[in-house]
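One letter stands for each residue in the lines below.
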Amino acid sequence: MIEVRGLTKTFAGRGGLLGHRAVPALREVDLQLPPGGAVSVIGESGCGKTTLGRILCGLESYDSGSLLLDGRDAKELSISERRERFQRIQLIHQDPYSALNPTRTIRQTMLASLRLRASATKRSQAWTERRANELLELVGLDPSYCLPRYPHMLSGGMRQRVVIARALTVDPDALVADEAVAMIDVSLRLGILGILRKLRADLGLSLLFITHDVAAARYVGEDGQLYVLYRGQVVEQGPVDEIVQRPTHPYTQCLLSAIPVMRGLERPGPDRLVPLRPLDDNVEPPGCLLADRCPQAQDDCLLGRPPLVSAGAEGHLHACLHPEARSVVATPEPTGSSTR
Amino acid sequence: MRRRQSRDTASETAAGNEDGFEGLRVRDLTIVYGTEAGELAAVRGVDLDLPAGTITGLVGESGSGKSTLALAMLNAVPSPGRITAGSVTMSGVGDITRLRGRALRQVRGGVLGYVFQASQNSLNPLKRVGAQLLDLARSHGVAQPRLILGEAAKLCERMGLDATRVLSSYQHELSGGMRQRVGIVFALVLNAKVLILDEPTTALDMLSQAAVLEVVREIHAERRLATVIITHDIAVVAEMADRMVVTYAGRVVESGTAGDVLRYAAHPYTKALLRSIPRISGDISAAEPLPGRPPDLASIPTVGCVFRERCPLAMPICSDVDPATVSVGPGHTTACHLAAGPLAVPEQSEEVAG
Ligand SMILES: Nc1ncnc2c1ncn2[C@@H]1O[C@H](COP(=O)(O)OP(=O)(O)OP(=O)(O)O)[C@@H](O)[C@H]1O
Ligand SMILES: Nc1ncnc2c1ncn2[C@@H]1O[C@H](COP(=O)(O)OP(=O)(O)OP(=O)(O)O)[C@@H](O)[C@H]1O
Ligand code: SF4
Ligand code: SF4
Ligand SMILES: [Mg+2]
Ligand SMILES: [Mg+2]
Numbered sequence: 001m002i003e004v005r006g007l008t009k010t011f012a013g014r015g016g017l018l019g020h021r022a023v024p025a026l027r028e029v030d031l032q033l034p035p036g037g038a039v040s041v042i043g044e045s046g047c048g049k050t051t052l053g054r055i056l057c058g059l060e061s062y063d064s065g066s067l068l069l070d071g072r073d074a075k076e077l078s079i080s081e082r083r084e085r086f087q088r089i090q091l092i093h094q095d096p097y098s099a100l101n102p103t104r105t106i107r108q109t110m111l112a113s114l115r116l117r118a119s120a121t122k123r124s125q126a127w128t129e130r131r132a133n134e135l136l137e138l139v140g141l142d143p144s145y146c147l148p149r150y151p152h153m154l155s156g157g158m159r160q161r162v163v164i165a166r167a168l169t170v171d172p173d174a175l176v177a178d179e180a181v182a183m184i185d186v187s188l189r190l191g192i193l194g195i196l197r198k199l200r201a202d203l204g205l206s207l208l209f210i211t212h213d214v215a216a217a218r219y220v221g222e223d224g225q226l227y228v229l230y231r232g233q234v235v236e237q238g239p240v241d242e243i244v245q246r247p248t249h250p251y252t253q254c255l256l257s258a259i260p261v262m263r264g265l266e267r268p269g270p271d272r273l274v275p276l277r278p279l280d281d282n283v284e285p286p287g288c289l290l291a292d293r294c295p296q297a298q299d300d301c302l303l304g305r306p307p308l309v310s311a312g313a314e315g316h317l318h319a320c321l322h323p324e325a326r327s328v329v330a331t332p333e334p335t336g337s338s339t340r
Numbered sequence: 001m002r003r004r005q006s007r008d009t010a011s012e013t014a015a016g017n018e019d020g021f022e023g024l025r026v027r028d029l030t031i032v033y034g035t036e037a038g039e040l041a042a043v044r045g046v047d048l049d050l051p052a053g054t055i056t057g058l059v060g061e062s063g064s065g066k067s068t069l070a071l072a073m074l075n076a077v078p079s080p081g082r083i084t085a086g087s088v089t090m091s092g093v094g095d096i097t098r099l100r101g102r103a104l105r106q107v108r109g110g111v112l113g114y115v116f117q118a119s120q121n122s123l124n125p126l127k128r129v130g131a132q133l134l135d136l137a138r139s140h141g142v143a144q145p146r147l148i149l150g151e152a153a154k155l156c157e158r159m160g161l162d163a164t165r166v167l168s169s170y171q172h173e174l175s176g177g178m179r180q181r182v183g184i185v186f187a188l189v190l191n192a193k194v195l196i197l198d199e200p201t202t203a204l205d206m207l208s209q210a211a212v213l214e215v216v217r218e219i220h221a222e223r224r225l226a227t228v229i230i231t232h233d234i235a236v237v238a239e240m241a242d243r244m245v246v247t248y249a250g251r252v253v254e255s256g257t258a259g260d261v262l263r264y265a266a267h268p269y270t271k272a273l274l275r276s277i278p279r280i281s282g283d284i285s286a287a288e289p290l291p292g293r294p295p296d297l298a299s300i301p302t303v304g305c306v307f308r309e310r311c312p313l314a315m316p317i318c319s320d321v322d323p324a325t326v327s328v329g330p331g332h333t334t335a336c337h338l339a340a341g342p343l344a345v346p347e348q349s350e351e352v353a354g
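Read top to bottom, the protein sequences are chains A and B.
Just so you know, the first sequence maps onto residues 1 to 340 in our numbering.
Just so you know, the second sequence maps onto residues 1 to 354 in our numbering.
Incorrect hints may have been included.
[As the list claims (entries may be wrong)] What follows is a list of derived Cβ distance ranges for each label pair:
no. : chain 1 : residue 1 : chain 2 : residue 2 : range
1   : B       : LYS271    : A       : ASP171    : 38 to 46 Å
2   : B       : SER79     : A       : SER124    : 48 to 56 Å
3   : B       : GLU39     : A       : LYS198    : 26 to 34 Å
4   : B       : ARG27     : A       : PRO270    : 37 to 45 Å
5   : B       : ARG105    : A       : ALA201    : 53 to 61 Å
6   : A       : GLU284    : B       : PRO125    : 44 to 52 Å
7   : A       : MET153    : B       : SER79     : 18 to 26 Å
8   : B       : ASP296    : A       : SER64     : 34 to 42 Å
9   : B       : GLY53     : A       : LEU59     : 44 to 52 Å
10  : A       : ASP63     : B       : ARG217    : 55 to 63 Å
11  : A       : GLY204    : B       : ARG27     : 56 to 64 Å
12  : B       : GLU36     : A       : ASP70     : 50 to 58 Å
13  : B       : LEU147    : A       : PHE11     : 37 to 45 Å
Don't read these hints as lab results, they were simulated from the structure.
Treat the numbers as computed from the prediction; the structure is a model and nothing was measured.
C-beta: ideal position from N, C-alpha, C; glycine also.
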């Protein structure tokens, strides 16, 4: 089990137009990723998704709060324990090309990882070859085609599968997929999502799935949780379809309302909501962080930051003073109309 | 706010194509790239109408030739590519593939507004946005270039950008979503009649995407543009477009109103593509991956149907004969032997279809 409690991270600030202003990237985030479970994270650009994923992988520091790995605080682990433990949480990021060394064939890439594994687990060199084949097959690739090739000779979808296969060489417990299919062609995306789904089911891997594509989140983790981040704060969380079908926080409602509707096949949700203005992270409203953009804001929203509280249904939490369930996502048109 | 400015359409029509068509018309266009294996076609025999007042969505897999087609509409296919046949005719301008030099530069970025794919990087990193707008105005012979800045500022505000800040920024000071919108400002600032957007919202988050699309929709309607949105995200096209054109391996395999193509998809590729998209509601397990992978230039069949290797319904004739483009409904066409009528359908393939 991977768990964070009260996780807070502020970047010292950026140069340029914005001056050297501190940027709060995460604000007291609590999150649990159970073995074999899936947590999907959505939110606008810059709301802290990547920062969260990197902290979980041990690649980024945090200011306060704690990261618990199977109940043990990561800060209390010895250096070797840390290394060993974080290696079992593998990051897959969006660009499968930059993730692979262009001067190495897929065989060299896979074997380099597997040799380390072989010596750590006292296994033979013959095992590494066998395992490379096994893992490539597991992610739906033909080993004899891929092994001798360089990354540039493979399509984006194939490269991303190689990246996943390489991540699996260390027998991870968890994958953090940070927009892992964003750069993959639509027609090949479902294949990659299917692999993530299969790895959860067959190997019991847990998955932190960071995405802008909520339908993809349903596909890999329909049984999992959906967290909505806004300016580093979790503003709503709960079972995926509960949040998608009955969101109560205006920010979630705005996000889900913005999903393009497949007109002809789907009807738009009846209660779609649009934010009053684009995100301006130069202003920090004193109360609710959404107050300057929220179409539902009232005077009291500026008084204090609403805490994350139960929204009624099991596991559904929201942080809003005036929550109201709205139906904002598209629904399929009744079937039977699809022949002419 | 869908104001439609009543422009002097009569005079535009007079200057238009002989048959009164207003907009951009592509006929029998073929574009090849020079490769080690010789010149290979990336776009072959494409016909396409982009009428004024219509948003056309062009969808297809990576490598299907969408960007190549867009570049050809600007007569800007880079070497080793070249247009080997066909025409791109714009009402009031003529065949763009025949324009050269100054005349061509006037048209590009003038009446033909465009945002290239990965426009994230197409701004000059060393110049402020405002200065680049002035360059654009000067190179198009605008009498008072400074007036352009006012027009650009108005467009910026409409896209939810702080105009003063954006115009005085360098590219690296803008987020991806801001750059994308700045690209659209550049495309529209000189009163374009045709707007070509290649992957305008790829890599944007949901809210930025919706905001960009909303502005495009408004300005399109106000100015009665001929707009083409190129994307591999069918949902964007389904949301935005009046007409939808599906490309595969450099060919148009289906086109029609967006509603018809989505509801009554006729081509096996379109059907498979639609099935491969997970949806926000309903049975998520209904999504099915499309088997195989997109062909590259060297493996596109030159005879027969380009989709046959991945087509679950392929028949012997599909390997030997190019499927003709046939009508399957009002304004709805497809290039597939199965749609060409019962004569073309051997009996066994019906079973496979069922
Ligand atoms: N190394 C850094 N230095 C300074 N600020 C940073 C750094 N990394 C991230 N930030 C800032 O922290 C905030 C959160 O960034 P993060 O990358 O986690 O967002 P995100 O949700 O992943 O966004 P996107 O959807 O664009 O990937 C942003 O405001 C970002 O600009
Ligand atoms: N400069 C070039 N030289 C050789 N081949 C090229 C060149 N540019 C593109 N191609 C090839 O032409 C075909 C069409 O490419 P194009 O970029 O038009 O596709 P696309 O549909 O826009 O794809 P994407 O969705 O990835 O943007 C591809 O097979 C591509 O590899
Ligand atoms: S607390 Fe107020 S401003 Fe914040 S989301 Fe709820 S209604 Fe909107
Ligand atoms: S022409 Fe043949 S191979 Fe091509 S899509 Fe139709 S049935 Fe399939
Ligand atoms: Mg990110
Ligand atoms: Mg392209």
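To see whether the hints hold, each was checked on the structure:
no.: 1; hint: B:LYS271 to A:ASP171: 38 to 46 Å; in the structure: holds, 40 Å
no.: 2; hint: B:SER79 to A:SER124: 48 to 56 Å; in the structure: holds, 52 Å
no.: 3; hint: B:GLU39 to A:LYS198: 26 to 34 Å; in the structure: violated, 42 Å
no.: 4; hint: B:ARG27 to A:PRO270: 37 to 45 Å; in the structure: holds, 44 Å
no.: 5; hint: B:ARG105 to A:ALA201: 53 to 61 Å; in the structure: holds, 57 Å
no.: 6; hint: A:GLU284 to B:PRO125: 44 to 52 Å; in the structure: violated, 30 Å
no.: 7; hint: A:MET153 to B:SER79: 18 to 26 Å; in the structure: holds, 24 Å
no.: 8; hint: B:ASP296 to A:SER64: 34 to 42 Å; in the structure: violated, 51 Å
no.: 9; hint: B:GLY53 to A:LEU59: 44 to 52 Å; in the structure: holds, 51 Å
no.: 10; hint: A:ASP63 to B:ARG217: 55 to 63 Å; in the structure: violated, 43 Å
no.: 11; hint: A:GLY204 to B:ARG27: 56 to 64 Å; in the structure: holds, 57 Å
no.: 12; hint: B:GLU36 to A:ASP70: 50 to 58 Å; in the structure: holds, 54 Å
no.: 13; hint: B:LEU147 to A:PHE11: 37 to 45 Å; in the structure: holds, 41 Å
Checked against the numbered hints above, the structure breaks hints 3, 6, 8, 10 and satisfies the rest.
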